[in-house]
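Read off the chains here:
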Amino acid sequence: NAGVTQTPKFRVLKTGQSMTLLCAQDMNHEYMYWYRQDPGMGLRLIHYSVGEGTTAKGEVPDGYNVSRLKKQNFLLGLESAAPSQTSVYFCASRLAGDLLNEQFFGPGTRLTVL
Amino acid sequence: EDQVTQSPEALRLQEGESSSLNCSYTVSGLRGLFWYRQDPGKGPEFLFTLYSAGEEKEKERLKATLTKKESFLHITAPKPEDSATYLCAVQAFQGAQKLVFGQGTRLTINP
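Sequences listed follow chains Z and X, in order. Residue 55 in the numbering used here sits at position 55 of the first sequence; the count goes up by one each step and never skips. Residue 16 in the numbering used here sits at position 16 of the second sequence; the count goes up by one each step and never skips.
Next comes chain Z alone, as it looks inside the complex:
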């Protein structure tokens, strides 16, 4: 049982380049989330999904797109990277049903945009 995995672990981009971050979970969780973590600011929600084929905006969605084509995968895309998107990105997932089920987090992707 791998839990939540994220690919890649590290990435360096130039301004204007695009990339996709992949999150996969093997716990059959319905809900999945993408966060960014910046020094002194805590984790901020970018986008989330309550099921396959559905996505919704979080607190800081601008500059990002997401897709949930399969229940176990949640992709985060940057179409034109900017230095302000330098951050550590975390994916999380949780069971549906009880809204207070805890979120399980992946190990993170450290992204640097030059």
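Be a bit skeptical, because a hint or two may be false.
Claimed, not checked - Computed list of lysine to aspartate or glutamate pairs in DMTMM-like fashion (alpha-carbon distance at most 25 Å, straight line):
(1) X/K57 with X/D2
(2) X/K69 with Z/D98
(3) X/K63 with Z/D26
As the list claims (entries may be wrong) - Here chain Z is said to cover these stretches of chain X; the calculated rule only asks that three of the stretch's residues, wherever they fall, bring their Cβ under 8 Å from a Cβ of chain Z:
(4) 28-34
(5) 42-51
(6) 102-111
If you are wondering where the hints come from, they were derived from the structure by calculation, not from laboratory data. These numbers come from a predicted model, not from an experiment. Every residue, glycine too, gets a C-beta built ideally from N, C-alpha and C.
On the provided structure of chain Z, position chain X as indicated by the hints.
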């Protein structure tokens, strides 16, 4: 707007020296408050969920408590392996799919 503020930002203790971390929150109807532990270079790891004022939960040397305005994470006789960043998050009734996180308290336990 829901907000979570944690204090102090950083705390350095000697092994065995007990202390408390604070999480103050403002939320339009609290559904639950979560505590997570985060080690350097890793994702947050779930510790506790608290549902209502007066509730307490314990795990090894950690005890979390909740009032109507804040939560405390008490650390009793800490060991160096308790060194980590501790994150607090709230879930409101409105927008209940989301967690709002504080900025965390970085705890260092010196041997």
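For each hint, the structure was consulted:
no.: 1; hint: X/K57 with X/D2; in the structure: holds, 24 Å
no.: 2; hint: X/K69 with Z/D98; in the structure: holds, 24 Å
no.: 3; hint: X/K63 with Z/D26; in the structure: violated, 31 Å
no.: 4; hint: 28-34; in the structure: holds (count 3)
no.: 5; hint: 42-51; in the structure: holds (count 7)
no.: 6; hint: 102-111; in the structure: holds (count 3)
When the structure is compared with the earlier hints, a violation turns up for hint 3 alone.
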